[in-house]
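If you want the building blocks of each chain, they are given just below.
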Amino acid sequence: QKEVEQDPGPLSVPEGAIVSLNCTYSNSAFQYFMWYRQYSRKGPELLMYTYSSGNKEDGRFTAQVDKSSKYISLFIRDSQPSDSATYLCAMIKAAGNKLTFGGGTRVLVKP
Amino acid sequence: EAEVAQSPRYKITEKSQAVAFWCDPISGHATLYWYRQILGQGPELLVQFQDESVVDDSQLPKDRFSAERLKGVDSTLKIQPAELGDSAMYLCASSLSQGLLNTEAFFGQGTRLTVV
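Chains as they are written, first to last, in this note's numbering: chain W, 1 to 111; chain S, 1 to 116.
If you are wondering where the hints come from, they were derived from the structure by calculation, not from laboratory data. Even for Gly, the Cβ is constructed at its ideal location relative to N, Cα and C. A portion of the hints provided could be inaccurate.
[What the hints assert, rightly or not] Taking CB as the label site, the calculated pair distances span:
no.	chain 1	residue 1	chain 2	residue 2	range
1	W	Pro111	S	Pro61	40 to 46 Å
2	S	Glu3	W	Leu108	38 to 44 Å
3	W	Arg77	S	Leu70	45 to 51 Å
4	S	Ser58	W	Glu15	40 to 46 Å
5	S	Ile12	W	Ser40	16 to 22 Å
6	S	Glu44	W	Lys56	43 to 49 Å
7	S	Glu44	W	Ser52	26 to 32 Å
8	W	Ser52	S	Ser16	26 to 32 Å
9	W	Pro14	S	Glu14	42 to 48 Å
10	S	Gln17	W	Tyr71	17 to 23 Å
11	S	Gln50	W	Ser28	23 to 29 Å
12	S	Lys71	W	Leu46	24 to 30 Å
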């Protein structure tokens, strides 16, 4: 079993809808959580970075962490066709440790 | 805006040949990572440097892969000899890694390797 699980999708939504993405993890040692967006044939782009349980907002993006359930989420409001990409969750156990990634969820926002 | 630079962007090589990738991290970033990403999967760590020292190379196939970061700045990843199964995207990332609040990592655009 992988340490970080993520539904591969694809997740197809109409333009303007809310996109809801999530990851579950098995090791409670993970302390820092990130969401990356990756367009085809490009490197991952950091979207959100969180440390504590709770919500963090940045524009149309909201990241949610529930350490007690070992569950993290990313919500994208007012989705646009340009949001069509693969979204990767990643987490770190401590400063200076490696990032462990989920397998990514492919999202398609249809005009 | 500071970014992680990687070259080349694309590389096609024949199996059994040698290939090398280069990465220049964001200035001042102590931690440098090399990840391999197979199409449709998440990136997996090959090697992690803290300054010039290797801190994790447990998943690096050391019979054919090598990595160095001689002056603690830029880094080179080499494969010799390349095999068909090495075809993937090779991603470099860097992180400031000072204290609790600087663990986020920034990625370059990657090198897409095709072994024929």
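Consistency of the hints with the structure:
no.: 1; hint: W:Pro111 - S:Pro61: 40 to 46 Å; verdict: holds (44 Å)
no.: 2; hint: S:Glu3 - W:Leu108: 38 to 44 Å; verdict: violated (27 Å)
no.: 3; hint: W:Arg77 - S:Leu70: 45 to 51 Å; verdict: holds (46 Å)
no.: 4; hint: S:Ser58 - W:Glu15: 40 to 46 Å; verdict: holds (44 Å)
no.: 5; hint: S:Ile12 - W:Ser40: 16 to 22 Å; verdict: holds (19 Å)
no.: 6; hint: S:Glu44 - W:Lys56: 43 to 49 Å; verdict: violated (27 Å)
no.: 7; hint: S:Glu44 - W:Ser52: 26 to 32 Å; verdict: holds (27 Å)
no.: 8; hint: W:Ser52 - S:Ser16: 26 to 32 Å; verdict: violated (50 Å)
no.: 9; hint: W:Pro14 - S:Glu14: 42 to 48 Å; verdict: holds (46 Å)
no.: 10; hint: S:Gln17 - W:Tyr71: 17 to 23 Å; verdict: violated (45 Å)
no.: 11; hint: S:Gln50 - W:Ser28: 23 to 29 Å; verdict: holds (24 Å)
no.: 12; hint: S:Lys71 - W:Leu46: 24 to 30 Å; verdict: holds (26 Å)
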